[in-house]
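> Let's have the full structure, built from the sequences with the hints guiding it.
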Amino acid sequence: SGNGTYVPRTIYADLEPNVVDEVRTGTYRSLFHLELMITGEEDASNNYARGHYTVGKELIDQVLDKVRHVADNCSGLQGFLVFHSFGAGTDELKIDTQ
Numbered sequence: 001s002g003n004g005t006y007v008p009r010t011i012y013a014d015l016e017p018n019v020v021d022e023v024r025t026g027t028y029r030s031l032f033h034l035e036l037m038i039t040g041e042e043d044a045s046n047n048y049a050r051g052h053y054t055v056g057k058e059l060i061d062q063v064l065d066k067v068r069h070v071a072d073n074c075s076g077l078q079g080f081l082v083f084h085s086f087g088a089g090t091d092e093l094k095i096d097t098q
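Mapped onto the UniProt record's numbering, the consecutive letters of the sequence shown carry residue numbers 1 to 98.
A hint or two may mislead.
Pairwise CB distance ranges, derived in the manner of DEER restraints [unchecked claim]: (1) 76 to 47: 15 to 25 angstroms; (2) 54 to 75: 35 to 45 angstroms; (3) 3 to 48: 39 to 49 angstroms.
These aren't lab readings, by the way, just hints derived from the structure by calculation. These numbers were taken from a predicted model, which means no experiment stands behind them. For glycine and all other residues, C-beta sits at the position ideal for the given N, C-alpha and C.
Right, here's the structure in full:
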């Protein structure tokens, strides 16, 4: 960043806001760019088709624009790391920080 601190180029995207809101408001909120946290208003209710064709479809353009913006600002992009929840929603992957 401009003040000499390191900020990871991390894009958080989730169909429902609960888990991402924990990062937005939690202990480590200053480590990430808040404008790169993208959430919908509801989850896919463990339904692939709902997440892929309806609820998720509403967010895909916004996510791709953020990825494009972050990639364009890199001087030597070498790849992406993608983390995806398999077999459970992100609500089941919460880490207790208390």
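> Okay, residue 76 versus residue 47 on CB: inside 15 to 25 angstroms?
The hinted range 15 to 25 angstroms is violated for residue 76 and residue 47, with Cβ atoms some 40 angstroms apart.
> Is 39 to 49 angstroms right for how far apart the beta carbons of residue 3 and residue 48 are?
holds (43 angstroms)
> Could one say that the CB atoms of residue 54 and residue 75 fall in the range 35 to 45 angstroms?
Taking Cβ atoms as reference, residue 54 and residue 75 lie about 38 angstroms apart, which means the hint holds.
In terms of the numbered hints stated before, the structure departs from hint 1 and from no other.
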